[in-house]
Amino acid sequence: MVTMQNYDNIEYLSETIRVCIKRRFGDDCEIANIALATLGGSNRTVLFNVVRGSYPLRLVLRQETVPSEYSPFLPSDMQYRVLEVVYEHGIPVPRPLFELEAADNLGQGYVVTAVPGETLPKRLINSAEYVTMRARFLQQSAEILAKLHTIDHVLVPGLSALQESSDPLGAQIALYDRYGEPHPAIEFAFRYLAKYEPEHGAKNFLHGDFRNGNMIVGTEGIRVLLDWECAHTGSVMEEIGWFCARSWRFGRVDLAAGGFGDRETFYRAYEKASGNLVDRESSRWWEIFGVMRWAIYNIMQSHGHLSRERRSPAFAACGRNTGIIEYDLLKIIAKEFD
Amino acid sequence: MFNDPPNASELLLTVREYIEQLLPDLERQDKYHGLCCAYLLDVVMRELEEPPNIGDHSNNALKALLNNKDELSETEFMSSLCASIRRGDQDGNLDRLLILLTSHVSKKVRVSNPDYLDTKDYL
Chain P
0 MVTMQNYDNI
10 EYLSETIRVC
20 IKRRFGDDCE
30 IANIALATLG
40 GSNRTVLFNV
50 VRGSYPLRLV
60 LRQETVPSEY
70 SPFLPSDMQY
80 RVLEVVYEHG
90 IPVPRPLFEL
100 EAADNLGQGY
110 VVTAVPGETL
120 PKRLINSAEY
130 VTMRARFLQQ
140 SAEILAKLHT
150 IDHVLVPGLS
160 ALQESSDPLG
170 AQIALYDRYG
180 EPHPAIEFAF
190 RYLAKYEPEH
200 GAKNFLHGDF
210 RNGNMIVGTE
220 GIRVLLDWEC
230 AHTGSVMEEI
240 GWFCARSWRF
250 GRVDLAAGGF
260 GDRETFYRAY
270 EKASGNLVDR
280 ESSRWWEIFG
290 VMRWAIYNIM
300 QSHGHLSRER
310 RSPAFAACGR
320 NTGIIEYDLL
330 KIIAKEFD
Chain C
0 MFNDPPNASE
10 LLLTVREYIE
20 QLLPDLERQD
30 KYHGLCCAYL
40 LDVVMRELEE
50 PPNIGDHSNN
60 ALKALLNNKD
70 ELSETEFMSS
80 LCASIRRGDQ
90 DGNLDRLLIL
100 LTSHVSKKVR
110 VSNPDYLDTK
120 DYL
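The listed protein sequences correspond, in order, to chains P and C.
The letter at position 178 of the first sequence is residue 177 when you use numbering that gives the first Met the number 0, and the numbering goes up by one with no holes.
The letter at position 27 of the second sequence is residue 26 when you use numbering that gives the first Met the number 0, and the numbering goes up by one with no holes.
In case anyone wonders, no lab produced these hints; they're calculated from the structure.
Bear in mind that the values here come from a model prediction, so they are computed numbers and not experimental data.
Don't take every hint at face value.
[Claimed, not checked] One-sided excerpt, in silico: chain C residues whose CB lies under 7 Å from chain P: (1) M44; (2) L65; (3) R85; (4) T101; (5) V108; (6) Y115.
[As the list claims (entries may be wrong)] Subject to a maximum C-alpha distance of 25 Å in a straight line, what follows is the list of computed DSS-like cross-link-like pairs (lysine-lysine): (7) K30(C) to K334(P); (8) K30(C) to K62(C); (9) K202(P) to K146(P); (10) K121(P) to K62(C); (11) K30(C) to K330(P).
We put the CB at the ideal spot given by N, CA and C, even for glycine.
All chains, please: the whole structure from these sequences, using the hints.
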């Protein structure tokens with residue numbers, strides 16, 4: 000039987016992945032250098048080499064952890080379809096290779112190519128190696144988003160039917176309500192956001208979690224975008240506001256656009272790349288929405304820890320991080336924080 | 000109940016110091032979780048040291064908003080306040096509520112990350 004305990008056992012994982020790979024690549028290949036990456040919100044990430052002859056191929060297994068009725072994330076088959084579609088449209092993503100099948104005995108998930116590089120946001124923002132690259136990251140972010148937003152979302156069946164797509168505020172309220180924790184600051188934000196909600200206009204294909212931390216970069220620029228489990232449809236201002244939310248500045252609060260630069264530079268780069276105007280007021284509303292959403296995601300991670308679905312010190316810390324995000328939220332609404 | 004020393008704070012500090020010693024030798028993933036553990040111990044130490052009446056003023060003011068005369072537990076009171084905000088009962092009080100909630104949240108941040116607070120919210 001496939002259990003969380005089995006997944007955490009590196010020997011069990013190695014053997015199961017070996018069988019899974021040999022089913023597809025043949026008996027003459029071997030598996031080596033298996034490693035668990037940081038546990039993400041919904042997917043376990045396992046890196047491994049496929050060795051055939053002298054040239055190893057580094058791959059990544061993205062494995063759904065215990066599927067939860069509380070999870071706001073796309074099921075892995077939809078994630079895989081999203082990856083296929085954006086890859087075909089030239090968005091930089093790890094190349095999708097195959098989806099897991101029942102015979103793999105690895106649960107739900109898929110395998111993509113591994114991409115070397117840096118993902119740690121603080122290093123991207125603060126290390127000397129990347130400090131001169133911030134402007135490039137900002138420009139590339141605008142260009143990639145502009146391109147992504149032109150993809151026809153109908154290519155991913157079900158994407159526009161998600162509650163995140165049809166009723167974004169209602170989706171967050173529903174998610175928050177599932178955890179049964181009273182957070183008056185978040186309730187206040189719901190009320191504030193409902194009162195000032197702008198018209199959202201056309202619905203576009205959105206990454207849903209496009210930010211510093213969900214990309215692999217090198218010293219030449221952004222290599223690939225990761226973590227597509229929040230993809231949905233919506234106003235492009237949602238994506239622009241999320242990218243500029245205060246939570247991704249990692250100590251550099253002056254660098255409002257993703258910790259890479261100022262808002263106006265990012266807005267203009269997006270306008271130039273997309274040919275569409277950025278609605279500044281709407282984007283600011285989405286920034287507040289984004290900080291509220293991030294607070295709820297921290298409650299979700301803490302809940303995952305307390306329910307023993309996904310135990311980790313990081314998820315326990317998320318519970319106590321929620322108040323810090325609420326503090327940002329209220330200070331932004333009060334216009335004391337930018 | 001009387002316990003022999005070390006007291007709870009000293010015990011936590013002992014564990015924290017040991018984690019600190021381990022951190023330089025840990026690899027990326029373990030180091031990250033080690034740092035999280037050190038942070039969690041800091042939170043617990045601050046929580047043990049926090050005077051229990053800090054923030055009572057804002058809590059009492061929030062209770063006054065609800066005309067709360069019942070003896071509700073802290074969780075029951077927070078749930079009632081949330082329901083009241085959700086129903087729109089506080090829509091006429093939003094400016095005042097924002098100030099009181101900032102004070103309420105500041106109390107949590109004083110425990111989770113006091114360095115994050117604006118000076119005026121610290122006191």
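Residue hint R85(C), partner chain P, criterion CB-CB below 7 Å: Holds, about 6 Å.
Per-residue hint verdict: M44(C), partner chain P, C-beta under 7 Å: Status violated, d = 13 Å.
K121(P) paired with K62(C) [C-alpha distance capped at 25 Å]: violated, 40 Å
Proposed proximity, K146(P) with K202(P) (alpha carbon, max 25 Å): holds, 15 Å
Interface hint outcome for T101(C) [beta carbon to chain P under 7 Å]: holds, 5 Å
25 Å limit on alpha-carbon distance, applied to hinted pair K30(C) and K62(C): Violated: K30(C) and K62(C) sit about 43 Å apart, past 25 Å.
Distance restraint between K30(C) and K334(P), which requires alpha-carbon spacing of 25 Å or less: violated, 37 Å
Restraint outcome when Y115(C) is required to lie within 7 Å of chain P by C-beta distance: The hint holds - Y115(C) has a Cβ within 7 Å of chain P, the shortest such distance being about 6 Å.
K30(C) paired with K330(P) [C-alpha distance capped at 25 Å]: Roughly 32 Å separates the two Cα atoms, so the pair is violated.
Supplied contact hint for L65(C), tested at 7 Å Cβ to chain P: At about 11 Å, which exceeds the 7 Å cut-off, the nearest Cβ of chain P leaves the hint on L65(C) violated.
Interface hint status, V108(C) versus chain P (Cβ within 7 Å): holds, 5 Å
Checked against the numbered hints given earlier, the structure breaks hints 1, 2, 7, 8, 10, 11 and satisfies all the rest.
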